[in-house]
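Residue numbers (my numbering), protein chains in the order written: chain A, 7 to 203; chain B, 30 to 117.
Read the hints as simulated data drawn from the structure, not as lab findings.
Ideal Cβ placement from N, Cα and C applies to all residues, glycine included.
Any given hint could be a false lead.
Here are the in silico distance ranges between beta carbons for each label pair [claimed, not checked]:
{"#": "1", "chain 1": "A", "residue 1": "26", "chain 2": "B", "residue 2": "72", "range": "49 to 59 Å"}
{"#": "2", "chain 1": "A", "residue 1": "157", "chain 2": "B", "residue 2": "70", "range": "37 to 47 Å"}
{"#": "3", "chain 1": "A", "residue 1": "179", "chain 2": "B", "residue 2": "89", "range": "39 to 49 Å"}
{"#": "4", "chain 1": "A", "residue 1": "128", "chain 2": "B", "residue 2": "76", "range": "23 to 33 Å"}
{"#": "5", "chain 1": "B", "residue 1": "79", "chain 2": "A", "residue 2": "38", "range": "24 to 34 Å"}
{"#": "6", "chain 1": "A", "residue 1": "156", "chain 2": "B", "residue 2": "76", "range": "23 to 33 Å"}
{"#": "7", "chain 1": "B", "residue 1": "70", "chain 2": "A", "residue 2": "26", "range": "19 to 29 Å"}
{"#": "8", "chain 1": "B", "residue 1": "89", "chain 2": "A", "residue 2": "160", "range": "19 to 29 Å"}
{"#": "9", "chain 1": "A", "residue 1": "160", "chain 2": "B", "residue 2": "91", "range": "29 to 39 Å"}
{"#": "10", "chain 1": "A", "residue 1": "30", "chain 2": "B", "residue 2": "83", "range": "16 to 26 Å"}
{"#": "11", "chain 1": "A", "residue 1": "181", "chain 2": "B", "residue 2": "91", "range": "42 to 52 Å"}
{"#": "12", "chain 1": "A", "residue 1": "38", "chain 2": "B", "residue 2": "51", "range": "22 to 32 Å"}
{"#": "13", "chain 1": "A", "residue 1": "30", "chain 2": "B", "residue 2": "79", "range": "14 to 24 Å"}
{"#": "14", "chain 1": "B", "residue 1": "51", "chain 2": "A", "residue 2": "91", "range": "29 to 39 Å"}
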Amino acid sequence: MSDKGHHPAPVSPVEQRVAALEALLSERGLVPEGFIEEITRRYESEIGPMNGAKVVARAWVDHGYKQRLLADGTAAIAELGFGGPEGDHMVVVENTAAVHNVIVCTLCSCYPWPVLGLPPAWYKDPPYRARMVREARVLLAEMGCSLPDEVEIRVWDSSAEVRYLVLPQRPPASVGMTEAELAGLVTRDSMIGVATL
Amino acid sequence: MSTPLSLADLDLPRRNGELAFDAPWQSTVFALAAAVVEHAFGGDREPFRQLLIAAIAAQPGRPYWESWTAALEALVQTLPNSPRPDET
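The following block holds chain B by itself, in its conformation from the complex (with noise of 0.2 Å):
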């Protein structure tokens, strides 16, 4: 009984799934922590993580995406600056 289930057969729409973001600028930050860990962090999302915990802890009724974005805020400040030209 394993027959391949295949996409084609399937009608499966986002069932109660609400929307993923309400605002434009929610799927941005989304992103761009996407982005930070995947090309600054080499994909280890820990770091931000710990971050989002520490940004949730900080103010706990704070909307969620706001406080997605003060850990992201946060974890830029741990990237090293970029090398001007004149350096490398």
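Extracted from the complex, chain A is given alone in its bound form (with noise of 0.2 Å):
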């Protein structure tokens, strides 16, 4: 261990866990040169919300594509260029006046990745994974997103043949702008359905 600095970060059990882990798969050739630094580098600054986003604000100013996003996701989804892991199977639901949509993952942490990136760390939290499913619009709420009564609420739990996303509805005042502006509308939580626009 190191003794630099007043304050020097031990080693947590975990983290010598992690190193062992690497030495052990690297010296089986499972893990090429540069591998984690493009990963992490790729799921750091490419893969996230904005993918989504972009593929919402599509499906708002076109029609067709919309269309196609609600029959097979992951091919409409292809289309903009996205795909990969966690990403085969997608299923994408539409929140309309009178249905509301959420995504959750019961068991671990199925997510969308390659149009959400990674999962925020309440989603793979057991409270959330257990209380979407028992009492989804009391905890919407709570995460300030209430809904009136009379819209249901249909909660989607990701599997590993399904992956879903949210296509939130088109906010009233968003009338007029472009797709990129309106891209620039779409927030995460909307795509998982803990929010509203």
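From these two lone chains plus the hints, build me the complex, please.
Below is the structure:
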């Protein structure tokens, strides 16, 4: 361990375990040179909710695209160049005045990586995973997304087979905006379904 | 209305995205799992996913990336031993 600084950060047990895994897997030739750096860079800067925002904006301005998106999410998302791990079977669910959709993964942390990046911390936490199924309306309200009683809430549990993406309602005030401007309105939380726009 | 959306026209920083990782070991263990899935399981994520489900269920209160680490350790256990040079 290093003696640099007044408070050298101790190497935690989990860091040691990860270092051991890295050494073992590298020795077995399973981790090509630069692989870790490349994956990290990609998920920190290229893959994230900005991709999903472009999908949503396109669907708002192009009715034909929206129909294709709702019919075959994976293919329509691939039209914009997005795909890859955790995005093989994408289903897009549309919010309307009558129906609000929200996504969860009750068993672990399944999430549509190509369009939303990696999930936020709360998505992976037990309270969200359990309560969104049990009391969606209450939890949504606690998260700042209060919905009128007459709006039906549909909770979609991600699985090995399917990853969901919510198509939020276009804000009424966005009339006349360009597609790029619209994409700038779309938030990650609205595509998970824990916020409206 | 299907003008291609130019990436250059978009100024979309990583809005409302927390950084994906809080510490370097988290991005490392994330990438290690990706490497094993890709290079030892032919891209099939399901074996890892099942182990992650089990790891989370075993200790629901454990920090997420620690469960991820435990799942990857379990996955590595399932790998056949590397053949020694003299075996082939």
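How the hints compare with the structure:
A hinted range of 49 to 59 Å for the beta carbons of residue 26 of chain A and residue 72 of chain B is inconsistent with their spacing of about 25 Å. For the pair residue 157 of chain A and residue 70 of chain B, the beta carbons lie near 42 Å from each other, so the given range of 37 to 47 Å is met. Distance hint check for residue 179 of chain A and residue 89 of chain B: the Cβ-Cβ separation is about 42 Å, which falls inside the suggested range of 39 to 49 Å. For the pair residue 128 of chain A and residue 76 of chain B, the beta carbons lie near 27 Å from each other, so the given range of 23 to 33 Å is met.
Range check, residue 79 of chain B to residue 38 of chain A: about 26 Å between beta-carbon atoms, so the 24 to 34 Å window is met. A C-beta distance of roughly 44 Å is found between residue 156 of chain A and residue 76 of chain B, which places it outside the suggested range of 23 to 33 Å. For residue 70 of chain B and residue 26 of chain A, the hinted distance range of 19 to 29 Å is satisfied, since their beta carbons lie about 20 Å from each other. The hint said 19 to 29 Å for the Cβ distance between residue 89 of chain B and residue 160 of chain A, and at roughly 25 Å that hint holds.
Between residue 160 of chain A and residue 91 of chain B the C-beta distance comes to about 30 Å, which sits within the given range of 29 to 39 Å. Separated by about 21 Å at the C-beta atoms, residue 30 of chain A and residue 83 of chain B satisfy the suggested range of 16 to 26 Å. For the pair residue 181 of chain A and residue 91 of chain B, the supplied restraint of 42 to 52 Å holds, since their beta-carbon distance comes to about 48 Å. The supplied range of 22 to 32 Å is met by residue 38 of chain A and residue 51 of chain B, whose beta-carbon atoms lie about 25 Å from each other.
Hint check: residue 30 of chain A to residue 79 of chain B, Cβ distance near 21 Å, so the stated range 14 to 24 Å holds. One distance hint, 29 to 39 Å for the beta-carbon pair residue 51 of chain B and residue 91 of chain A, is violated here, with the actual separation near 21 Å.
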